[in-house]
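Enquirer: Line order of the protein sequences matches chains X and D. Residues are numbered in my numbering as their position in the first sequence, beginning at 1, plus a constant of 404. Residues are numbered in my numbering as their position in the second sequence, beginning at 1, plus a constant of 17.
By construction, these hints were calculated from the structure, which means they are not laboratory data. Since we're looking at a predicted model, the values are computed, not measured. Where a beta carbon is used, it is the ideal one built from N, C-alpha and C, also for glycine. It is possible that some hints are incorrect.
[Claimed, not checked] No more than 27 Å apart at the CA atoms, straight line, and that leaves these computed lysine-lysine pairs for DSSO-like:
| # | chain 1 | residue 1 | chain 2 | residue 2 |
| --- | --- | --- | --- | --- |
| 1 | X | Lys847 | D | Lys212 |
| 2 | X | Lys847 | D | Lys40 |
| 3 | X | Lys723 | D | Lys212 |
| 4 | X | Lys516 | X | Lys552 |
| 5 | D | Lys278 | X | Lys723 |
| 6 | X | Lys627 | X | Lys478 |
| 7 | X | Lys799 | X | Lys478 |
| 8 | D | Lys159 | X | Lys531 |
| 9 | X | Lys799 | X | Lys787 |
| 10 | X | Lys491 | X | Lys516 |
| 11 | D | Lys212 | D | Lys26 |
| 12 | D | Lys322 | X | Lys837 |
| 13 | X | Lys837 | D | Lys108 |
| 14 | D | Lys80 | D | Lys212 |
| 15 | D | Lys210 | X | Lys646 |
| 16 | D | Lys278 | D | Lys322 |
| 17 | D | Lys80 | D | Lys108 |
| 18 | X | Lys787 | X | Lys837 |
| 19 | D | Lys24 | X | Lys491 |
| 20 | X | Lys646 | D | Lys322 |
| 21 | X | Lys552 | X | Lys531 |
| 22 | X | Lys646 | D | Lys26 |
| 23 | X | Lys799 | X | Lys491 |
| 24 | D | Lys159 | X | Lys491 |
| 25 | X | Lys730 | X | Lys627 |
| 26 | X | Lys847 | D | Lys80 |
| 27 | D | Lys108 | X | Lys491 |
| 28 | X | Lys730 | D | Lys108 |
| 29 | X | Lys661 | D | Lys26 |
| 30 | D | Lys210 | X | Lys837 |
| 31 | D | Lys322 | X | Lys723 |
| 32 | X | Lys661 | D | Lys24 |
| 33 | X | Lys491 | X | Lys627 |
| 34 | X | Lys491 | D | Lys26 |
| 35 | D | Lys278 | X | Lys837 |
[Claimed, not checked] Where chain D lies over chain X, by a calculated footprint (3+ residues, C-beta under 8 Å):
| # | segment |
| --- | --- |
| 36 | 417 to 429 |
| 37 | 567 to 576 |
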Amino acid sequence: MALTGLEIYKQLPKTNCKDCGFPTCLAFAMKMAAGQVPLDKCPHVTAEGKAALESASRPPIQVVRIGTDANEIKVGNETQLYRHEEKFYRPAAVAVRVSDTLDEAALAERAKAIGQLVFERVGTRIKVNLVAVDNASGDAARFELAAKLAAEKSGLACVLMSASAANLARAAAALSGQRPLLYLTDPTDPTEAEAAAAVAKDNQCPLAVAADGLEALAELTPKLAAAGVEELVLDPGTRTLKETLEALTRIRRLALKGFRPVGYPAIALTTADDPTMQAVEASTFIVKYAGVVVTDAIEPWQILPILTTRQDIYVDPQKPVAVEPKLNAVGEVNEQSPLLVTTNFSLSYYSVEGEVEASRVPAYILSVDTEGTSVLTAWASDKFNAETITQAMKKSGIEERVAHRKVMIPGFVAVLSAGVEDESGWSVLIGPKEASGIPSYLKNQWQA
Amino acid sequence: MSVPEVKEKWSGGVTAVTLGATKAEGGTRGSTVTIGGQTGIPFLNFDGETPHPPAIALDVLDKEPAGWPPPLADVYGDVWSDPAAWAARVKQLGADLVNLRLVSTHPDEGDRSADEAVATVKAVLEAVDLPLIIWGCDVPAKDQVVMPKVAEAAQGENCLLGAVIEDEYRTLTAAAQAYGHKLIALSPCDINKSKQVNILISDMGYPLQDIVVYPSTASLGYGMEYIYSILERGRLAALSGDRLMAQPVFLDVGYESWRAKEARSGDEMADTWGPAAERGPAWEAVTATDLLQGGADLLAMRHPKAMEAVRMAVGQLLGE
């Protein structure tokens, strides 16, 4: 939880010495609360004050950075249980697994394929973020080689998965400077976890640790934090859909209630063999709080719904979702095809598009830039009016595409019809109020 | 280290609604299906009970569908000119219910009469002993003629009839009341309207505990998150004791997800998106399982492979 200025002020020396550059301790505290100045600008704060402020000012879920530069992805720092209460902030990192038991050629090919899992949806690029190299062989040299090869061929940041801290050390050294997520996968031995923490600290890497249940995890993380690893990722050791869902939910609820030992992002593994189930599991974990998801799914038809789930669920519910304002052709249009006008609010646009497709009448749909607001909202705020519609028509080049001069507007804004006729010179047809009426309208009432 | 308890203290729950009627109950169904009844966030054992798993109805249309893509045509193409044969296929595939859509009563889709619709419903009831969901054609004027007759013909079978909306609720509610059926109340994307419709129906003397609500549906990638949050808000309200929000939820997953181009487009997209035969069912399955996390109880679906994946996920989530 963010601290208030007064809460910070209580921990300061209250001497108003001005050494921090501010006139009073309170002024400094207010600036710090606003996130504009770090605590270390105060040279006189006591060790206890510092400790209190540091632990209390940490977000409920630690931010963890994996990878560097263009490959860097940050997870954590979530503040909500339910997206409608604010939003989910940092989309889960999706990692596809590659085993170090593969021969060199097969491993290189798989890593390359993972790096190419990039798609374009509603104007946005969505992609797999990480390649997860699994030390299934148990062999250090193989793991090191696989890590290098996977990083190089995929072009992605890595998750290094091993049951051995020593093997993690070898592979981490091989990827020096690339900030892989080190992931100790064997939950049985806490001393191994402490060894892995030393490796993470030496290599300045984030560390994921498995433990046998939340109680064991809560036992372990304070030790790892004390060993100097702040960026931790939690694996509660669950390997079924049900147990993982419950653990992810418990971790999120505990973290938001301020229970520090699990105040970190969680990592979840899909375990199904069935390829469709792998997509289902990964998507479920993304919907329900996972910070990192590791899966064997690699086919585009599996990955696309996983990445789309992530894209959907991390949409800011307070911001209208817009499509690109432009002229869209649906079906085999010709110069007699009807022209429908709607807004660029994505739900308005896709409702119209879906119904036009269902009607099987090829048509043009012009989405007018209403800053992503719906028909009635845009009309009420004067973003969807005779002028904006006419301008969008002119800009779209529809005049050259169709021979007729008829434009169909949503039934809810029938009041605009005279204005659009005057402004554009086209005759206006008043369409149905709901998109569901479009197929019948196009079949029965439309005539070029 | 001991970890604090995180179970929420819920004061309410979702209503349980039973669909279908066996011989002993005055119908002819082989078995009934009960949905709803949860007392916690979906699938969390520690949070509450899930006495009934979400049920799946497979779509049956009363005429050959236009534009269903090959992965669906492969499953139903040989039976879809005959609703009774199609319903038998749906039972054979393992559906919990038949989702019968009387689309051919639509003025543009054949304009079949109420009597023809009744004949279809009777044939389907005869062909399979699963509980039925029955929809009109979504043209209120026509539905008002067709649906009361359909309700009468299916008297005693305890079907689920869709759907009443804010502006058109009297006829269907009266028909459901007269002939002993459950009702779907549709309020697209609007929680307040959903409460309003429930009030209107119950003011006619129709019991709140016989209503299934339908907040409309959006596919993965096409506003799914919008419906997801509607479901989540609805479920939180139900768990907090709001009786007007406690009804179990129906979602039209099959229709919506197969409209998405990611599901519908064919193997011309195989290079970028993978083979259509896998892609469509996966899109439908993930749409369903994502939305189930928000809180839904009855899904209309289309592809048997997608249904199986959802069943498997639900089975695992409930620890079966």
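Enquirer: If a hint holds in the structure, say so; if it doesn't, say that too.
Expert: So, going through the hints one by one against the coordinates:
1. Pair hint X/Lys847 plus D/Lys212 does not hold up; C-alpha atoms about 35 Å apart against a cutoff of 27 Å.
2. A C-alpha spacing of about 45 Å is found between X/Lys847 and D/Lys40, which places the hinted pair above 27 Å, so the restraint is violated.
3. As the CA atoms of X/Lys723 and D/Lys212 are separated by approximately 25 Å, the hinted pair is consistent with the 27 Å bound.
4. As the CA atoms of X/Lys516 and X/Lys552 are separated by approximately 13 Å, the hinted pair is consistent with the 27 Å bound.
5. Among the hinted pairs, D/Lys278 with X/Lys723 is consistent with the structure: their alpha-carbon atoms are about 25 Å apart, no more than 27 Å.
6. With a C-alpha separation of about 23 Å, the suggested pair X/Lys627 and X/Lys478 falls inside the 27 Å cut-off, and the hint holds.
7. With a C-alpha separation of about 40 Å, the suggested pairing of X/Lys799 with X/Lys478 is violated against the 27 Å cut-off.
8. Taking the CA atoms of D/Lys159 and X/Lys531, the gap is about 47 Å. The hint is violated against a cut of 27 Å.
9. For the proposed pair X/Lys799 and X/Lys787, the alpha carbon gap of about 16 Å is at most 27 Å, so the pair holds.
10. At roughly 34 Å between alpha-carbon atoms, X/Lys491 and X/Lys516 are farther apart than 27 Å, so this suggested pair is violated.
11. As the CA atoms of D/Lys212 and D/Lys26 are separated by approximately 24 Å, the hinted pair is consistent with the 27 Å bound.
12. Taken as a hint, the D/Lys322 and X/Lys837 pair is broken in the structure, with Cα atoms around 37 Å apart against an allowance of 27 Å.
13. Pair hint X/Lys837 plus D/Lys108 does not hold up; C-alpha atoms about 38 Å apart against a cutoff of 27 Å.
14. A distance of roughly 34 Å separates the Cα atoms of D/Lys80 and D/Lys212; the hinted pair therefore is violated under the 27 Å criterion.
15. A C-alpha spacing of about 34 Å is found between D/Lys210 and X/Lys646, which places the hinted pair above 27 Å, so the restraint is violated.
16. For the proposed pair D/Lys278 and D/Lys322, the alpha carbon gap of about 18 Å is at most 27 Å, so the pair holds.
17. Between the alpha carbons of D/Lys80 and D/Lys108 the distance comes to roughly 18 Å, so the proposed pair stays at or under 27 Å and holds.
18. Between the alpha carbons of X/Lys787 and X/Lys837 the distance comes to roughly 18 Å, so the proposed pair stays at or under 27 Å and holds.
19. In summary, the hint linking D/Lys24 to X/Lys491 is supported, as the alpha carbons are separated by about 22 Å, within the 27 Å threshold.
20. Distance check on the hinted pair: X/Lys646 and D/Lys322 sit about 21 Å apart at the alpha-carbon level, within 27 Å; holds.
21. For the proposed pair X/Lys552 and X/Lys531, the alpha carbon gap of about 21 Å is at most 27 Å, so the pair holds.
22. As the CA atoms of X/Lys646 and D/Lys26 are separated by approximately 21 Å, the hinted pair is consistent with the 27 Å bound.
23. For a cut-off of 27 Å, the pair hint linking X/Lys799 to X/Lys491 is broken: about 35 Å separates their Cα positions.
24. Taking the CA atoms of D/Lys159 and X/Lys491, the gap is near 43 Å; set against the 27 Å cutoff, the hint is violated.
25. Among the hinted pairs, X/Lys730 with X/Lys627 is inconsistent with the structure: their alpha-carbon atoms are about 56 Å apart, more than 27 Å.
26. Proximity of X/Lys847 to D/Lys80 is assessed by CA-CA distance (about 19 Å); at most 27 Å being required, the pair is judged to hold.
27. Annotation: proposed proximity of D/Lys108 to X/Lys491 is violated, straight-line Cα distance about 41 Å (limit 27 Å).
28. Taking the CA atoms of X/Lys730 and D/Lys108, the gap is near 45 Å; set against the 27 Å cutoff, the hint is violated.
29. For the proposed pair X/Lys661 and D/Lys26, the alpha carbon gap of about 15 Å is at most 27 Å, so the pair holds.
30. A C-alpha spacing of about 18 Å is found between D/Lys210 and X/Lys837, which places the hinted pair at or below 27 Å, so the restraint holds.
31. Restraint check: the Cα-Cα separation between D/Lys322 and X/Lys723 comes to about 35 Å, which exceeds 27 Å; the hinted pair is violated.
32. At most 27 Å may separate the alpha-carbon atoms for a hinted pair to count; X/Lys661 and D/Lys24 meet this at roughly 12 Å.
33. Restraint check for X/Lys491 and X/Lys627: not satisfied, since their Cα atoms lie roughly 32 Å apart, outside the 27 Å limit.
34. About 24 Å separates the Cα atoms of X/Lys491 and D/Lys26, which keeps this hinted pair within 27 Å; it holds.
35. Of the supplied pair hints, the one linking D/Lys278 and X/Lys837 holds, its CA atoms being roughly 25 Å apart against a limit of 27 Å.
36. Using a Cβ-Cβ cut-off of 8 Å, 0 residues of the segment 417 to 429 of chain X lie near chain D, which falls short of the minimum of three, so the contact claim is violated.
37. Requiring three or more residues with a Cβ within less than 8 Å of a Cβ of chain D, the coverage given for the segment 567 to 576 of chain X is violated, as only 0 such residues are present.
Of the hints listed earlier, those the structure fails to meet are numbers 1, 2, 7, 8, 10, 12, 13, 14, 15, 23, 24, 25, 27, 28, 31, 33, 36 and 37, in rising order.
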